[in-house]
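Mind docking chain B on chain A? Use the hints.
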Amino acid sequence: MAERRKLVEVRDLKMHFPINTGILRRHTGNIKAVDGLSFDIYEGETLGIVGESGCGKSTCGRAVLRLYDITSGTIKIDGVEIGAKSQSALRKMRPTMQMVFQDPQACLNPRMTVAAIIGEPLDEHTDWSKAKKLERIYELMDAVGLNRSFANRYPHAFSGGQRQRIGIARALALNPKFIICDEPIAALDVSIQAQVVNLLEELQDRLGLTYMFISHDLSMVRHIADRVAVMYLGRIVELAPRDALYADPLHPYTQALLSAVPDPDPAIEARVQRIILKGDVPSPANPPKGCNFCTRCPKVMDICHQIDPEYRELAPGHFAACHLYNDAGQTGAPRTERNQQGEDA
Amino acid sequence: MPETGLSVLQVQNLKTVFATRAGDIHAVNSVSFELQPGELLGVVGESGSGKSVTMMSLIGLLPSPPAEVRAGSVQFDGKDLLKLPQRDLQALRGRDIGFVFQDPMTSLNPVFTVGFQIMEPLRKHMGMDKARARKRAVDLLELVGIPDASARLSDFPHQFSGGMRQRVMIAIALACDPKVLIADEPTTALDVTIQAQILELVKDLRQKLGMSIIWITHDLGVIAGIADRVMVMYGGQVAEYGPVREVFANPAHPYTRALMKTVPSVRGERAPQLNVIAGQPPMLSQHPTSCPFRARCAHAFDRCARENPARFPVSEGHDTACFWDHKTGGPRHG
Numbered sequence: 269m270a271e272r273r274k275l276v277e278v279r280d281l282k283m284h285f286p287i288n289t290g291i292l293r294r295h296t297g298n299i300k301a302v303d304g305l306s307f308d309i310y311e312g313e314t315l316g317i318v319g320e321s322g323c324g325k326s327t328c329g330r331a332v333l334r335l336y337d338i339t340s341g342t343i344k345i346d347g348v349e350i351g352a353k354s355q356s357a358l359r360k361m362r363p364t365m366q367m368v369f370q371d372p373q374a375c376l377n378p379r380m381t382v383a384a385i386i387g388e389p390l391d392e393h394t395d396w397s398k399a400k401k402l403e404r405i406y407e408l409m410d411a412v413g414l415n416r417s418f419a420n421r422y423p424h425a426f427s428g429g430q431r432q433r434i435g436i437a438r439a440l441a442l443n444p445k446f447i448i449c450d451e452p453i454a455a456l457d458v459s460i461q462a463q464v465v466n467l468l469e470e471l472q473d474r475l476g477l478t479y480m481f482i483s484h485d486l487s488m489v490r491h492i493a494d495r496v497a498v499m500y501l502g503r504i505v506e507l508a509p510r511d512a513l514y515a516d517p518l519h520p521y522t523q524a525l526l527s528a529v530p531d532p533d534p535a536i537e538a539r540v541q542r543i544i545l546k547g548d549v550p551s552p553a554n555p556p557k558g559c560n561f562c563t564r565c566p567k568v569m570d571i572c573h574q575i576d577p578e579y580r581e582l583a584p585g586h587f588a589a590c591h592l593y594n595d596a597g598q599t600g601a602p603r604t605e606r607n608q609q610g611e612d613a
Numbered sequence: 037m038p039e040t041g042l043s044v045l046q047v048q049n050l051k052t053v054f055a056t057r058a059g060d061i062h063a064v065n066s067v068s069f070e071l072q073p074g075e076l077l078g079v080v081g082e083s084g085s086g087k088s089v090t091m092m093s094l095i096g097l098l099p100s101p102p103a104e105v106r107a108g109s110v111q112f113d114g115k116d117l118l119k120l121p122q123r124d125l126q127a128l129r130g131r132d133i134g135f136v137f138q139d140p141m142t143s144l145n146p147v148f149t150v151g152f153q154i155m156e157p158l159r160k161h162m163g164m165d166k167a168r169a170r171k172r173a174v175d176l177l178e179l180v181g182i183p184d185a186s187a188r189l190s191d192f193p194h195q196f197s198g199g200m201r202q203r204v205m206i207a208i209a210l211a212c213d214p215k216v217l218i219a220d221e222p223t224t225a226l227d228v229t230i231q232a233q234i235l236e237l238v239k240d241l242r243q244k245l246g247m248s249i250i251w252i253t254h255d256l257g258v259i260a261g262i263a264d265r266v267m268v269m270y271g272g273q274v275a276e277y278g279p280v281r282e283v284f285a286n287p288a289h290p291y292t293r294a295l296m297k298t299v300p301s302v303r304g305e306r307a308p309q310l311n312v313i314a315g316q317p318p319m320l321s322q323h324p325t326s327c328p329f330r331a332r333c334a335h336a337f338d339r340c341a342r343e344n345p346a347r348f349p350v351s352e353g354h355d356t357a358c359f360w361d362h363k364t365g366g367p368r369h370g
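Chain order of the listed sequences is A and B. The opening residue of the first sequence carries number 269 in our numbering; numbering runs sequentially from there. The opening residue of the second sequence carries number 37 in our numbering; numbering runs sequentially from there.
The following block holds chain B by itself, in its conformation from the complex:
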């Protein structure tokens, strides 16, 4: 479990439930993690694993109803974000915590110019006047590598390509120098060559600005390239959490291990056949009382059906929610 310390953001036992007509969906179950200053935390998981919902719950972006954060605490800047009134949260979003969404086509407003949309948080949160906000907007567009920035401020989103729009989104998120940037699959909708451009940009910006970043993706390759720490999610829970090199070199959870084998690579040896994870991800209609991965797990045994595993420490800063010990190849004791 994360300890209290110098972390920027600290999430404890977060639980989010969607109340639907067909019953409750337990999308996020007891998720805990922390974010260090200047760190890039990569969050991986399949669709429905709860990675986006976790991050949206943190800053109250989920519509309620149907979503309801049932338990947990989110410590940021000495405050519990889950207890803050809407008005204070609104002041915080965009100023202290920036958000970049997956789809650059739909997350910009088509009827306002790009310049207006970048200047909006500057004028609202930082109290800048129009001239100063404009100057800052030009700086931001230059920072994210958009050529001829001052002329492009008066362009509308449809006049930008997908990669350029995602750069604009990043510029908006960076506008007020946030302490934390949450990027939800920011490169998934983009082509690989454009993705490579954006990844280079993020590496570069981290060095210049030194903020903490949470990067949500389903692409293990992206995580391997940019993250310091990685959190693997499955079925609304944290399956594995640890430093990126450690997790990739010694994956402890059977899901992480299987996931790494299913992904083919463009470099190195070509495997004659792909390894598969048989079966389907779980339905999250109940509070978990057993391991959510056990139906697809090669190492499942009777205890996995009786209890939901807690997170066991594996090595320094590396833990996994599994009763199976990858070092001995047998059940974990304790």
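Just chain A, with the same shape it has in the complex:
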């Protein structure tokens, strides 16, 4: 694990959107959609990003690919710093990094044929002949399991699962190293979701791809990801290898999130101890003082309303931002609380 190469390194990434109000559209505040994220993605692995709607997971994905001009922070992809690069300079780098979008209905141009959609990145970034491009398009259609004879059809003739395959073929066209999948299965039916996830895994094995897999579906992320980051209100609250996170979640939010997932088995369902969170997620324009989760946390302490917990490594590879794990004496967190925590988990 130690010698594995970091393909993506993100440090203190911030993406704030301005709020302008009044007739003068004066700048009166910021939506802190992504507020200080740091993480690495190793070559060939899948990093899952989970969280509820509005936690900033999609913004994070788009910011990492520089589809936005980020507020601050550094992003290094394949050794190249892209955080401050201009969009025109970024264009040359786009072939290494691609994206699969959530809504297969909206992300395909309804007036282009499948061949034109899959071939568009080739038109933009290569000077290949028409025949060579068509050959590549057929190759891609085979890879994602689309029949070659559909090449001249339009997106409306395809089902949701097939459209998502077109989107994946387009993302693969330029042999990227890194693909961000932004909720690629959210719009699909359960039986089709499994087909698309298996396709993504198969392609990863064959082509050595690195994924950042954004989803709100905790059970699917458990299946596909090697490591998982849990986001809440623009921050990563916990990041850990998959098995450690699902077996032994440290952050109270992760614990609540996992316990809230219904289990498709009435026997387990009857035994599961639910942690029901009170209230809703606060507005990212006006996050609470101290810890972002202090308004809903079942294990909240006084310190949580005062000081923002530090995001640090609690066990090898297991990061979390929570005062429950402060060493006694350092910030004065009660030791009993920690022990209790250990028993729960």
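Keep in mind the hints are simulated off the structure, nothing from the lab. Bear in mind the structure is a predicted one, so any value in this text is a computation, not a measurement. Hints may be right or wrong, so weigh each one.
[To be verified] To give an idea of the interface, some chain B residues facing chain A are shown, with a C-beta separation under 7 Å as derived from the structure:
no.	residue
1	82
2	83
3	260
Glycine included, every Cβ here is placed at the ideal spot set by N, Cα and C.
Below, chain B without anything else, positioned relative to chain A:
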């Protein structure tokens, strides 16, 4: 087949067809089920399996044309709902049968206050005056767990979050103490932690109010948690119907069996690879003359292409529409 008895709602051979320019779509075919007092019936299926259309047909909520209920009967309170005139149906909807829709963003009217929308059915159906309706509205909002209820009556829907809006929808549906509550994917648009809140609320309300609930969802996990009985739909038909523990422990229909294997879980063993159901759901352009699942079925044989299976009893209260017998692993006899 369900028998006549003490059931609140009894649906027999319901058939709904949409007449479109490209031809008829047979969305619901010969669906029969019944609902016992105080029971929660979970309806599962993929999009296009006819689960929402079935429930909307029951109480005449589908626009006609294009929708047309071609056959069947819906017995409720000694009346056949399909034969009732619009005016009587209108009096019934909201009073005896409450409905909660999937999307809490679009099902509340943005230009009226939440209080007005809760009081509307109270004043119309129960003949309450403004003061009494207001008092009841406050009680309802408290019942569904909205803090500071009396102050929030004058708020508009956009001032509520998604989970709160769904609570308001539930409050409206509960306003007149309906005998039956139909909830159409009420938690699909919500986050898991909010979904857990709403599920707890529904469990709690069932104990307090004792009404019958039909809960439509595509999430097997939700069904496992709250339902008493489950109806699995596929291609506009009932594939399997039975008590929830029985169906989850001994699924009889190949579709139910496959569906349960495709869903990964956050608990227990992690499977190295997901099982898939290959292929696509069927087009419903014709009246079914063969099993709609046969193209994707691992156990299909020649009879499945010739006949559409009727519902065979498997055990007490548990039946399935399949010619394949899961106990013997061969064709069913009879």
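- prompt: Are residue 260 (chain B) and chain A close enough, Cβ to Cβ, to be under 7 Å, as the hint says?
  reply: It holds, given that the least Cβ distance between residue 260 (chain B) and chain A is near 5 Å, below 7 Å.
query: When the nearest CB of chain A is found for residue 82 (chain B), is that gap smaller than 7 Å?
result: holds, 4 Å
message: Can you verify the interface hint for residue 83 (chain B): is its Cβ closer than 7 Å to any Cβ in chain A?
response: Residue 83 (chain B) check passes; min Cβ-Cβ to chain A is 6 Å, inside 7 Å.
In terms of the numbered hints stated before, the structure departs from none.
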